[in-house]
Amino acid sequence: MSAAADASVEVSLTRRSVPFRGGSVTVVEAGQGPRIGYLHGMVGLPANGLAPLMAELAKDHTVLAVALPGFSGSTYCEDLRVQSDWVVALSEIADLVGLTGLPLVASSVGAMLAMELVAVRPEAFAQLVLLAPLGLWDGNEPVADAFATTLSEQRLILSPNRASTAAIFEDNPTVTDSAARIEDGVSRYLTRTSTASLVWPIPEHGLDLRAHLVRCPVTLVWGEQDKLIPPSYDERFAALLPCVVGRHRIAGAGHLTDWDAADEVAAIVRARLG
Amino acid sequence: MKFVWFHLMPYPDLPKDFPDRYRSVWVDIDPSLFDPAVGHRVYNEYIDQLEYAASVGFDGVGINEHHSNAYGLMPSPNIIAATLARSTSDAAIVVLGDSVALYNPPIRVAEEMAMLDGISGGRLVAGFPVGSPMDTVFAYGTNPATLRERYHEGMDLIRQAWTSDEVFSFNGRYNKLRYVNVWPRPVQKPHPPIWIPGGGSVDTWDYCAANDLVYCYLSYFGYKAGLATMRGFWDKMVERGKPLNPFQGAFAQFVAVADSEKEAFELYREPAEYFFNSCLHVYAGFADPPGYKTPNTVRAGVEGMVERAAREATARAEAKAAAKDNDKPTMPKSSSASQMMSFETMVEKGYVVLGSPDQVISKLTEVGTSMNVGHLLTLAHFGNMDKELVRYNTEMLARKVLPEVQPLFENDWEDHWWPHPLPSAQRVEPAR
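First to last, the protein sequences are chains E and A.
Once you know that position 245 of the first sequence is 245 in this note's numbering, the rest is easy, because the numbers rise by one and skip nothing.
Once you know that position 31 of the second sequence is 1031 in this note's numbering, the rest is easy, because the numbers rise by one and skip nothing.
Bear in mind the hints are in silico, worked out from the structure with no lab data behind them.
Among the clues, some could well be false.
[Said to hold, decoys possible] Label-pair restraints from in silico Cβ distances:
| hint | chain 1 | residue 1 | chain 2 | residue 2 | range |
| --- | --- | --- | --- | --- | --- |
| 1 | A | D1156 | E | E123 | 39 to 47 Å |
| 2 | E | D177 | A | N1171 | 56 to 64 Å |
| 3 | A | R1178 | E | A267 | 54 to 62 Å |
| 4 | E | G206 | A | E1388 | 52 to 60 Å |
| 5 | A | E1239 | E | K227 | 42 to 50 Å |
| 6 | A | R1178 | E | I202 | 26 to 34 Å |
| 7 | A | D1090 | E | E170 | 51 to 59 Å |
Everything numeric in this text was worked out from a predicted model, so none of it was measured.
Idealized CB from N, CA, C, for every residue including glycine.
Full structure from sequences and hints, please.
Encoded structure:
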């Protein structure tokens, strides 16, 4: 199980801003090989370097990732008020940055949006590897409220591994200027705001009514230590999605499997996508 | 200076060990702690107290809105205001809810407040808070990221609804109404004075300054702590080149009067400690949901009022846990009370203005002048205060304090934000 990106493995990395609705979104591309998309979860993308799963996959793939509006330095977009706004935005962004048509690894809130998009636009992604997706709700076993907690408790809900949540909960050590540190803090606050806006107050927006339209192959991955969404939710998704081709649980990983267990998730992705 | 007798309406019978046994007084407080018979009693006592205050010389009576909250039993302040509109005759009725974003559509607020203005003959002050995170985003499930936009849209709708001479359509992001036509119309023209209760948001300062509204700081922590927040508002007024009329400011302050300071300490200790140690036992996880603060407030590092309450509650709990961990035979055993904030500390920090009438006159004059506020929301009831003591405190204030402090600012500034009731000849007294 990996805790963070292996810095010893060097892969090519480019970071660029793509104009989007009066602001911009951050696009990160890394590695060489078959192209694959990556859509982050609740903690966004790191300000520097690569998310651990990207680093792993970039060893033999070209991985294309985008920070959704408000996340990780992408401009916060006040026009994204309800989930359908986000789905349309993802569709627009996927076309802008070249994600459309790729196989996609998507985590948590990103996985929820990816399913919603494929339900109405089947060509959006060729297939999906979904890491602990949000989008369903069982009142007998509810999704935890990650935001009715203190920050330290929130970290524990997301991951048993502090390194996995450092990007969103700790000051960026590379930022030393005081004014820049304040803006870095504001940026991280906006990332949490954007996450909250996607899941508030209950992260269920009727996906169960549309899940049958997600006809592409879907692989479900869950951390056995997921404190946000009980791992048993993979059964609920499997019952609703018409083409689930694999289900995996990773021992020791929390909600952020792409950070907690990047190497194991990457192995699952390679096995599925080749 | 105008004095509004302000009531939070706390639940008075929380168990003594409430902070030890329960996580929060707000949002997820145990429903089984509420005894409807106690609720029946205190609602009536509290309305009696407001009516009494109105009868002995307070300029106004004030109430506010909270949800899922044991220190504020007014999910609907308009219901309380409706009773006061009938049972009082001259006092302003200062309603410091309604939390506009929680009403769908917000013309409901425009309608109910117009009714209150009508029943009272034009004595309404219309308060429109964004609302605390506990009330808005947790108890009412509003998305924190859109709360303020929803609030501002609601404010626009209400003001248009009150002032438009024609039926109009409103096509907002959150409210789509083909026909807006509020009947009844408010008595006051163009509309009742608007006060904006705030908890420390930088953008609320600017909103009030830009729109000539009263900034009303509803702090639990007294004038010493509130000074910086009120200065923030006045700085925005200076930036906009606007006059620093003290009547454009309002501030909440706990006040406890007795014949002597010593007696005041004896009389008011228990209710104050009940309020600050049990009623403000707020779980920190509810205080700062992401998106509730504006980026400007995050940037400015301003701590909201409920955030502070939660932080202090957490600090008390941690201190208590540490004391328990360090409990050794050589150390005196820590009691629950020893970990609570003492009444002396509350008075020293200015949370409670306390003393003889002369001392309170002096301190309230200082509150008014140092903060430049012309409206004082006087909290003469707090915590689980006995009704006789409430009456005593209210009477002492009315008889011995108010006459000395009320002249402050009155000759130098005009209060543009106070109700203008109908002339006496047009006012109808309720038939008994």
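Here is what the structure says about each hint:
1. A:D1156 with E:E123: 39 to 47 Å: The hint (39 to 47 Å, Cβ to Cβ) holds, given that A:D1156 and E:E123 are roughly 41 Å apart.
2. E:D177 with A:N1171: 56 to 64 Å: Taking Cβ atoms as reference, E:D177 and A:N1171 lie about 44 Å apart, which means the hint is violated.
3. A:R1178 with E:A267: 54 to 62 Å: holds (57 Å)
4. E:G206 with A:E1388: 52 to 60 Å: Given a distance of about 56 Å, which is inside 52 to 60 Å, the answer is holds.
5. A:E1239 with E:K227: 42 to 50 Å: Once the Cβ atoms are compared, 46 Å apart, the range 42 to 50 Å for E:K227 and A:E1239 holds.
6. A:R1178 with E:I202: 26 to 34 Å: holds (30 Å)
7. A:D1090 with E:E170: 51 to 59 Å: For E:E170 against A:D1090, whose Cβ atoms are near 58 Å apart, the range 51 to 59 Å holds.
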